[in-house]
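Protein chains: 2
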Amino acid sequence: MFQYVGPVANLIAALSKLPGVGPKTAQRLAFYLLHASEAEAKALTDAILEAKAKVHQCSVCCNLTDIDPCQVCSDPLRDKSIICVVEEPKDVLALEKTREYKGQYHVLHGAISPMEGIGPDDLKVKELLKRLSGQEIREVVIATNPNVEGEATALYLARLLKPMGIKVTRIAHGLPVGGELEYADEMTLARAFEGRRELE
Amino acid sequence: MFQYVGPVANLIAALSKLPGVGPKTAQRLAFYLLHASEAEAKALTDAILEAKAKVHQCSVCCNLTDIDPCQVCSDPLRDKSIICVVEEPKDVLALEKTREYKGQYHVLHGAISPMEGIGPDDLKVKELLKRLSGQEIREVVIATNPNVEGEATALYLARLLKPMGIKVTRIAHGLPVGGELEYADEMTLARAFEGRRELE
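Top line first, the protein sequences correspond to chains C and Y.
At position 194 of the first sequence (counting the first as 1) the number is 194 in the numbering used here, and the numbers step up by one without a gap.
At position 185 of the second sequence (counting the first as 1) the number is 185 in the numbering used here, and the numbers step up by one without a gap.
Just so you know, the hints here were simulated from the structure itself, not pulled from any lab data.
Treat the hints with care, since some could be wrong.
Put simply, identical chains are the same to the list, so a pair is met inside one copy or across any two.
What the hints assert, rightly or not - Cut-off 27 Å, straight-line C-alpha distance, at most; resulting in silico cross-link-like pairs (DSSO-like, lysine-lysine):
1) 54 / 17
2) 124 / 24
3) 52 / 80
4) 126 / 17
5) 80 / 24
6) 162 / 97
7) 24 / 54
8) 97 / 24
Just chain C, with the same shape it has in the complex (with noise of 0.2 Å):
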């Protein structure tokens, strides 16, 4: 039976270490980087090799960024008395979709999951502190996904913030619980900002 090896296999393999890429997926999309022009699979590597050249996290915020501080943290428009905490990148390009909110960001990159043995010391807490220590800062959002790790999360920065005398607020479950903050429609994430109530 005749199956590539060498570089077909070779791409295949490595586009099937994608998330949400199966192996029939990763063949289709080998066979079109194959048909396709030399400078259009040039723009796809390069296009990754420079992000992952030139994106780092934001020394303020922690969110991936080119340029540091990053483009919100950087803008004198936006309030900096108040900050959405969120998970991931991709939650701060969701949320800023929903163009209700105009404060700052601190991103986690990921939630207190003891499951998968991730604890507060894995996560951007500490830069997070640090925030807190040295601004005025009147509110922070915890926009953590509505799911078990995420409300763990919600929970143990409420406890971590609220001795130091800081509001905490937590977006309303507006979102359909057990789901991901990421697939929420915009109409959804802009209500459960409005809803927002202060941890007890």
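Chain C is already provided as a structure; the job is to place chain Y on it using the hints.
Here is chain Y on its own, set in the frame of chain C:
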């Protein structure tokens, strides 16, 4: 509203061009690659560039290969007197999985589609005729997709080859009509191969 510009936006745009990858999937793949190790990202870009540099069409059967003639064409154990004509390289892989067929292949790189302006001259038909004139071929099995374009291509080839005294067969419609060869299960494909009939 904050949106990525620069390297992250470029990466998302480049990934969006892949087939079946919408803006949301492109964003997820981009953040995955940004979080991945340098080594993993480089493995992917190297695999793409190496495949683009080394993989070309076999001078005999037009399948994609990094050696010439390809693995199938240069295999002395395979029957040289039967050629199975398919639309795309992925169809060769699908047929090989049935383990029923031990002959040669010919990859057309498409199908006749007046709607898309693709005629016989855009396919590897000349290359097929050259093979048929140079070699003793007892049968040509046409395994183009069982949809409009594939059937049109099969009919065209049958009318072209029959006057040359070559036995031309078509794989049976064990496949769901209107579907695509790539997604058929292996048993159905094997039955379709067995039940092939001569084109009248």
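*Compare the structure with the hints numbered earlier in the document and write down the numbers of the violated ones, lowest to highest.*
3, 4, 5, 6
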